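Colleague: The lines below spell out each chain.
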Amino acid sequence: MAKTTQTVLDAHANRPKTALRNILVIVVLVVLISWSSAILDFSGINDQGIRIVKGILYALVDPNRDWLFTLESYGIPYLMFETVSMAFLGTIAGAVLAIPFAFFASRNITGNWGSYGGSILVTMIRTFPVLILGLMFIKVAGPGPFAGVLTISVSSIGMITKLYIESIEDIDKGILDALDATGATTIQKIRYGIIPQLSANFISVAIYRFEINVKNATILGLVGAGGIGFTLIAAMGAYRWSDAAACLWGIVVVVLLVEFFSTKLRHKLITGE
Amino acid sequence: MNIIEIKNLSFSYREDFHALNNVNLTIRKGEWISILGHNGSGKSTLAKLIVGLLKADKGDIYVDGILLTEETVHEIRRKIGIVFQNPDNQFVGVTVEDDIAFGMENLNFERSLMINRIEDFSKKVDMFEYLKKEPHELSGGQKQRVAIAGILAMNTDIIIFDEATSMLDPKGRESIMDYIKKLNEEGKTIISITHDMKEAVNSDRIIILKEGKLLAVGETNTILNDKETLNSSNLELLLPLKLLYKLDEAKIKNEKVKDILWQLSLNK
Ligand SMILES: Nc1ncnc2c1ncn2[C@@H]1O[C@H](COP(=O)(O)OP(=O)(O)O)[C@@H](O)[C@H]1O
Ligand SMILES: [Mg+2]
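Order-wise, the sequence lines are chains G and D. Under the numbering used here, think of the first position of the first sequence as 19, with each following residue one higher. Under the numbering used here, think of the first position of the second sequence as 27, with each following residue one higher.
None of these hints come from the bench; they were simulated from the model. This one's a predicted model, so the numbers in the text were calculated from it and none came from an experiment. Please note that the accuracy of each hint is not assured.
To be verified - Cross-link-like lysine to aspartate or glutamate pairs, in silico, EDC-like; alpha carbons within 20 Å at most:
| hint | chain 1 | residue 1 | chain 2 | residue 2 |
| --- | --- | --- | --- | --- |
| 1 | G | Lys191 | D | Asp114 |
| 2 | G | Lys286 | D | Glu163 |
| 3 | G | Lys207 | D | Glu163 |
| 4 | G | Lys207 | D | Glu131 |
Assemble the whole structure, with the sequences as input and the hints as a guide.
Modeller: Quick look at the structure:
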């Protein structure tokens, strides 16, 4: 039988002999570091900074309880609800918009050229950082949660499409042959041959992206595109530490909850238990 | 009478490689013919061409006297049912009865007739008690039996089994082989595709494919006695057959031993 495992010693003995390359890498790194530190201005951490950090740390223990436990529209529950809603709507829109892109860019559907064109498009969308997209959509839709939803949906298309493509290129063609042989129509082939193979994966991808989008939605407020981020940056700007801490607690709790349920749900979808 | 005629059939998936190369073949009504060949020899390609899942580059296929074209493919599929290798790929219904009904629905059977046929054919493959079960409650062999019932319900004259047993355990295999035999005795034309010689020895005739070419066609006895052809086919020979050949080479002429080995080769 072939040897399939190797010990650490084997690995060490077989290690790539690349001393020259390592030295080169280190030299390049040193040059880059000294060059960038010459350009950046390190003013050090001043007293002001230390006071701010202290303020936040103390406030985390004693956040603004009025904000935390009210259902009014200035309260954390409402703001987090708005944030999660933005993520939710944006994810759904992105997940739906990604479907045509994904089919268009899948090798087994459109061949090499379609797939090439499709992946260029997807890469272009993926290159825009979410905050830049946010700034752009505020110009289109005005500040507020609607701009946030637009930003999230467009920024999601890239990654979702990429993951969809993987599922589509994995489709088992055998089932389509079997359906064809029993005289199934095109609609039946999609209904029985394609959707069952893709739906669980697609939904799982969307949930995974929702998790990321909740985090994105919390920062979109920084540029005025709705959600809790706006309140957070305003509180920090005015040195209202206990208000800022209330926002942070809201974010932490919601992000953890979303992550917990999303993982559970995706596990259930993929394994079916 | 010939129910399938194949003339000069060629097919390539890629430009520089023939998956099938100039195959000529006739299949008689009511016979059980095995297509035997190594992995990648073109067996599945041939089956897919016959039911029109692939379109030939060259050559003609006649089924029951009808030339296979884009216009006639649906008519021809009503004459040929095909059971594939992977049981999971063929189960599209929610339950067993649903799945058996699937093919009939496309043929516009009447509802009452469908219900009768579901009952009849599930009984035929011993799946009647399972009609309400869902696929995840069934073994691979049971799923293949459901696929067979679905095809029987469509009442095709010809049934192709494309390595329908290869993903099953020995027991599942045996039961599928038993049904194949029974169906043939009841008058169906059977084309069974396999790389396992053991599954071919009970058929009437054997076709051997090698690298897309027809290596041999003949009565099962003739093929099994054709040592040169079998050796050049790269197929795994059955043990008793190997012994028989060895006895021959050693010029040992004990008829009784030879007869026993021959019977063993034929699964008897
Ligand atoms: N979808 C496909 N695309 C490209 N090549 C294929 C495809 N299906 C089969 N082939 C090739 O065609 C040849 C015949 O395959 P196949 O008919 O499936 O063989 P068998 O059923 O005898 O194992 C093989 O070399 C296989 O690699
Ligand atoms: Mg095959």
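Colleague: What's the verdict on G:Lys191 and D:Asp114, does the C-alpha distance respect the 20 Å limit or exceed it?
Modeller: Roughly 12 Å separates the two Cα atoms, so the pair holds.
Colleague: Does D:Glu163 lie within 20 Å of G:Lys286 when you go C-alpha to C-alpha?
Modeller: 19 Å, holds
Colleague: Going straight from one Cα to the other, do G:Lys207 and D:Glu163 come out at no more than 20 Å?
Modeller: Not satisfied, since the Cα-Cα distance of roughly 24 Å exceeds 20 Å.
Colleague: Straight-line Cα separation of G:Lys207 and D:Glu131 no greater than 20 Å?
Modeller: Satisfied, since the Cα-Cα distance of roughly 14 Å is no more than 20 Å.
Checked against the numbered hints given earlier, the structure breaks only hint 3 and satisfies all the rest.
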